[in-house]
Amino acid sequence: MRKLLVVVVIAIAGVAAMYLLLHEKQEAKQSSPAVEESSARIVVAAGQSAHSPPAATDSQPETEPPDKELVYEYGNDRPKEQEQPAIASADKDEVFKAIVMAELPLLSADIHEKGEVWIRIKPEESAKTKQIMKEVAGSYTEITAHTEPVRVMLWVGGRPHAAMTFPEEIPKN
Amino acid sequence: MKQFFARLLVVCVILLTVSLASADDFADYNEPAGQQHDITLPTITAGWSVAIDSFPAATTTTIGNYEAKGRVIAANDHTIYMQNTYGSSTFIPVATTSVTMDPSFVKVSPDGSKIALGVGYGKDLLVFPTSVLNPSSPPVLNGHASVTEYSVNYNDAAWLDNQYLLVNGGSWPGPGTGSDLGALDTNDPSDTGVPVIENVPGSSGGVAVDNNGNVISGVGYAPSPINRTGEIKLWTNSDILAAIGGSALDYELSGNLIADNILSAATLGVDAENNLHVGGGDAFGGGGASELGYAAIVDASVLQNAADNTGSGYPVNEGDVNEYKTLEPDPCGDDSATTVAYGNWGKGLAVMWNPDEGSGCGSPGTDYWMAGVTPVLSVFYPGSAPDTDTDGIPDGADNAYLTMNAGQIDSDGDGYGNSADADYNNDGVVDFTDLSVFSVKWGLSLGSPGYDPQVDSNGDDTINFNDLSSFSVKWGTTEPWY
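As you go down the protein sequences, you meet chains A and B in turn.
If you read the first sequence in my numbering, its first letter stands for residue 1, the second for the next number, and so on.
If you read the second sequence in my numbering, its first letter stands for residue 1001, the second for the next number, and so on.
Hints may be right or wrong, so weigh each one.
Stated by the list, open to error - Within a straight-line C-alpha distance of at most 20 Å, the following computed DMTMM-like cross-link-like pairs (lysine to aspartate or glutamate) qualify:
hint : chain 1 : residue 1 : chain 2 : residue 2
1    : A       : K122      : A       : E148
2    : B       : K1325     : B       : D1124
3    : A       : K130      : B       : D1024
4    : A       : K128      : B       : E1273
5    : A       : K122      : B       : D1124
6    : A       : K128      : B       : D1431
7    : B       : K1441     : B       : D1431
8    : A       : K130      : B       : D1308
Derived from the structure by calculation, the hints contain no laboratory data.
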């Protein structure tokens, strides 16, 4: 009888401990959803896991169709500034440039001023101009936590060729 | 009596001279006095545009069997093309590059003997003799023994003469803080260039050399602190030559203003009367509505006044129809006329535009230049454009400029009008195979089984002695045919 009582108490304590543990994890998850989502999207866009925590990588199967990786829902999932890690703006700009240069067919990428990115695209990929400009804007939003519309300007030769503002487009040159 | 005829002859010469001198090409463009002819250019397969130029009237070089003068040359992806005949939309590869081009420009020297090719961002500028081009076996330009590769920056260029190439090179040649215009001595393969105009605000526009050797250039993109996009200035030939030989000019302190805001001034050129043509777009130059769907023309008098430094008569008054007008070849009017060109062989101002309307006319942002677009080159001819065979079609647009054919019928679509084309099997030579075809078609009329309009060279609906006469003239000849 005494043994049975000990087992029941241990079982109740175990259930209580598991409940507390799970509840704590859930609270922790709810406290920073934007950061995790943002990181996950970087991984999806970049196609690499090196820039993101393992949990985020796990949430995005590698078998996801490529086209889906390029979709950004502007305005709905934009991270808030105060929720981002305390990384200097210049550092985030450098991270953004490093990632888009590595992952997109670009010849150059420069942040002209906050919210405006100047790029050059490899001529072999010109058929994907609009898609690439959209990806650049998406990466910029995700990585730098910029909350305003992003203007991407395509330079061809020595002058601007096309400009698009996301989520709103304006005419090309 | 003899004296009378001598005087009559003198009067005729004077009248003819006065008549020619009074030709007003500026007034003719896009008006009933002039004509428009459209050429379909090679489809863009890489990059965002096709670079074009035409061989000047002074060109004596041939390219294979083809006289180069007056022909359009085009560059895109890995290929340099040549128009097979005047007014034609058929382009023949004449050279290739080992790298993918995003061509900034292709420019033929005033005597037609040299070509400068801006291959694209981060790639060398190539200069080569026209004689390198070969339609039978297109050479690879990169690494070719006759091709000089200059490691300079560039976005546009114009030949000052047959030696110096003026290049808008961004930070090249420097060391100014803004954009620079430099000069490259193409007679010296090791030349690294000298600065000519320094400190152009923002990104420079195009560059052109007028018929008096004066240089025209400007601002391509400078939206702040005040918008100067589309600003165009003129520098006299003597000032430019002095700059090449000595110290560079400062943009802000030299030259005279021709216009303060025309498009983005991305491409510039002058016609035989020295009227200035301006292309480019200004969708994001800062301030005001987007400027799309046209190229502009500035009357020669504005340039002359600026060159003479008269103190008045420049910059252009865009409200004065005698000084300024626009050409709008795109029926949708939503396209930027990114390139203008001019040919002094058959005359004609050319505006390249994009017929790809995406989701339809009037949809901003859908008419993008990129791979897949097949540009149209609309050539506007003034009334003074030469018409050698007097059939009413300007030489530059005539698919048989030495044979009258007002109808311009080209049944096999090879660019050569039926009246001059006896190469029925399109093998490049008029020979027994073609004679065999002719003999089979002999005597047939429109409606008869087997009637072939290609063989009916004069288009009178019957294949008879007149057509045989035309055929016999072409016997044994090789492409091209006029």
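(message) Check whether the Cα positions of K130(A) and D1024(B) lie no farther apart than 20 Å.
(response) violated (43 Å)
(message) Holds or violated: K1325(B) and D1124(B), Cα atoms, limit 20 Å.
(response) violated (37 Å)
(request) Could you grab the alpha-carbon distance between K130(A) and D1308(B) and see if it respects the 20 Å cut-off? (result) violated (47 Å)
(request) Sort out whether D1431(B) lies within 20 Å of K128(A), counting only the CA atoms. (result) violated (48 Å)
(message) Check whether the Cα positions of K122(A) and E148(A) lie no farther apart than 20 Å.
(response) Violated, at about 27 Å.
(request) Verify the proposed pairing of K1441(B) with D1431(B), using a straight-line Cα cut of 20 Å. (result) holds (16 Å)
(request) Quickly compare the C-alpha distance for K128(A) and E1273(B) to 20 Å and report which way the hint goes. (result) Since the Cα atoms of K128(A) and E1273(B) sit roughly 42 Å apart, the hinted pair is violated (cutoff 20 Å).
(message) Holds or violated: K122(A) and D1124(B), Cα atoms, limit 20 Å.
(response) Answer holds: K122(A) to D1124(B) is near 16 Å, not above 20 Å.
In terms of the numbered hints stated before, the structure departs from hints 1, 2, 3, 4, 6, 8, listed from lowest to highest.
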